[in-house]
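With these hints in hand, go ahead and build the complete structure from the sequences.
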Amino acid sequence: MTRHPRQKESRSLRLYARLLELYPPAFLQRHRAEMLQNFADLEAAAASKAQLWLLIGKDLTMSLISHFFASRLSGYVIAVLVTWILLFVIGYFFYGPTPGRPALHIFGGFLPGMLSMYIATRLYVTPQNSSYVIGVLVACVLVFTIGYFRYGSTPGHSALQIFGGFLLGMLSMSIATRLYGT
Amino acid sequence: MSKSKAPLPLTPAVFHILLALFGKERHGYDIMQQVKADSGDTVKMGPGTLYGSLDRMIEAGLVAKGNTQDPRRIYYRLTALGQTTLRAETERLSRVALVARRQLGSE
Chain H
1 MTRHPRQKES RSLRLYARLL ELYPPAFLQR HRAEMLQNFA DLEAAAASKA QLWLLIGKDL
61 TMSLISHFFA SRLSGYVIAV LVTWILLFVI GYFFYGPTPG RPALHIFGGF LPGMLSMYIA
121 TRLYVTPQNS SYVIGVLVAC VLVFTIGYFR YGSTPGHSAL QIFGGFLLGM LSMSIATRLY
181 GT
Chain S
1 MSKSKAPLPL TPAVFHILLA LFGKERHGYD IMQQVKADSG DTVKMGPGTL YGSLDRMIEA
61 GLVAKGNTQD PRRIYYRLTA LGQTTLRAET ERLSRVALVA RRQLGSE
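Respectively, the protein sequence lines represent chains H and S. With the first letter of the first sequence counted as 1, position 65 gets the number 65 in the numbering used here; the numbers rise by one all the way through. With the first letter of the second sequence counted as 1, position 86 gets the number 86 in the numbering used here; the numbers rise by one all the way through.
Derived by calculation from the structure, the hints in this document are not laboratory data. Certain hints may be false.
[What the hints assert, rightly or not] Ranges between beta-carbon positions, derived for each pair:
{"id": "1", "chain 1": "S", "residue 1": "38", "chain 2": "H", "residue 2": "15", "range": "22 to 32 angstroms"}
{"id": "2", "chain 1": "H", "residue 1": "72", "chain 2": "S", "residue 2": "44", "range": "28 to 38 angstroms"}
{"id": "3", "chain 1": "H", "residue 1": "86", "chain 2": "S", "residue 2": "65", "range": "40 to 50 angstroms"}
{"id": "4", "chain 1": "H", "residue 1": "81", "chain 2": "S", "residue 2": "55", "range": "52 to 62 angstroms"}
{"id": "5", "chain 1": "H", "residue 1": "135", "chain 2": "S", "residue 2": "88", "range": "51 to 61 angstroms"}
{"id": "6", "chain 1": "H", "residue 1": "89", "chain 2": "S", "residue 2": "98", "range": "44 to 54 angstroms"}
{"id": "7", "chain 1": "H", "residue 1": "86", "chain 2": "S", "residue 2": "66", "range": "44 to 54 angstroms"}
{"id": "8", "chain 1": "S", "residue 1": "44", "chain 2": "H", "residue 2": "91", "range": "24 to 34 angstroms"}
{"id": "9", "chain 1": "S", "residue 1": "41", "chain 2": "H", "residue 2": "70", "range": "51 to 61 angstroms"}
{"id": "10", "chain 1": "S", "residue 1": "97", "chain 2": "H", "residue 2": "86", "range": "30 to 40 angstroms"}
{"id": "11", "chain 1": "S", "residue 1": "90", "chain 2": "H", "residue 2": "86", "range": "29 to 39 angstroms"}
Remember, it's a predicted structure, so these values are computed and weren't measured experimentally. We treat Cβ as the ideally placed atom computed from N, Cα and C, and that holds for glycine.
This is the structure in structure tokens:
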């Protein structure tokens, strides 16, 4: 099933080409053309788009996790998470449960913050200048504003803690990608 | 994985890729289709899993690149070590199946 080179690219293929950017550059350099061709073949043979994206979604998730754990960056992320958990456990034993659970809220914001910066770094070479990061920050400010007005009276301002955690996560991953590469 | 001997047991993906390449050079999509057929639709691998596995198998000396003229259709073939490993794993699985059949038969 050979795809004609001049055949019009489908929207699915364009989306898949964008998602491929999440893989390490060295891997893409070796296999990008083959993977795009395979996707086009799978798309042509698939009974439905849902069936195709189910297979591709599972494949992307599993293989990206595998690539991530094979990278040096994974060691850093695991170290950060273990340190966080240790601090949380030590804090709990020494000071007992804190009203409003700020550590949990910050941690809850920290993880998606790290993940979003990781994705941004993979999709854009210079995340600082990209519209993605600006979009994420605008979304953060929006979520924070809504959260502040909705839960502003909550003791400890949990929305503020989550937002702070999110920004800390982004910063932490930004440092990691500069130190260890992607 | 050492280049002189691949560790057994193999993962299902690696075993099926070796099996698909036995006796024939194939490109990525062809390998995926052959694996699907050989496994009776139970092993469905996408491009990410396939090329990740192929990279590791090339590094381990089980598989080598064949025809690379068209970058969209690179062919892969088994090496001598790949064939030996496939035979060894098939033997191992046969012995396991024999033991399992014996145990199940004695119930």
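Status of each hint after checking the structure:
{"no.": "1", "hint": "S:38 <-> H:15: 22 to 32 angstroms", "result": "holds (30 angstroms)"}
{"no.": "2", "hint": "H:72 <-> S:44: 28 to 38 angstroms", "result": "holds (31 angstroms)"}
{"no.": "3", "hint": "H:86 <-> S:65: 40 to 50 angstroms", "result": "holds (46 angstroms)"}
{"no.": "4", "hint": "H:81 <-> S:55: 52 to 62 angstroms", "result": "violated (27 angstroms)"}
{"no.": "5", "hint": "H:135 <-> S:88: 51 to 61 angstroms", "result": "holds (53 angstroms)"}
{"no.": "6", "hint": "H:89 <-> S:98: 44 to 54 angstroms", "result": "holds (50 angstroms)"}
{"no.": "7", "hint": "H:86 <-> S:66: 44 to 54 angstroms", "result": "holds (51 angstroms)"}
{"no.": "8", "hint": "S:44 <-> H:91: 24 to 34 angstroms", "result": "violated (46 angstroms)"}
{"no.": "9", "hint": "S:41 <-> H:70: 51 to 61 angstroms", "result": "violated (29 angstroms)"}
{"no.": "10", "hint": "S:97 <-> H:86: 30 to 40 angstroms", "result": "violated (46 angstroms)"}
{"no.": "11", "hint": "S:90 <-> H:86: 29 to 39 angstroms", "result": "violated (47 angstroms)"}
Going through the hint list in order, the structure does not satisfy hints 4, 8, 9, 10, 11.
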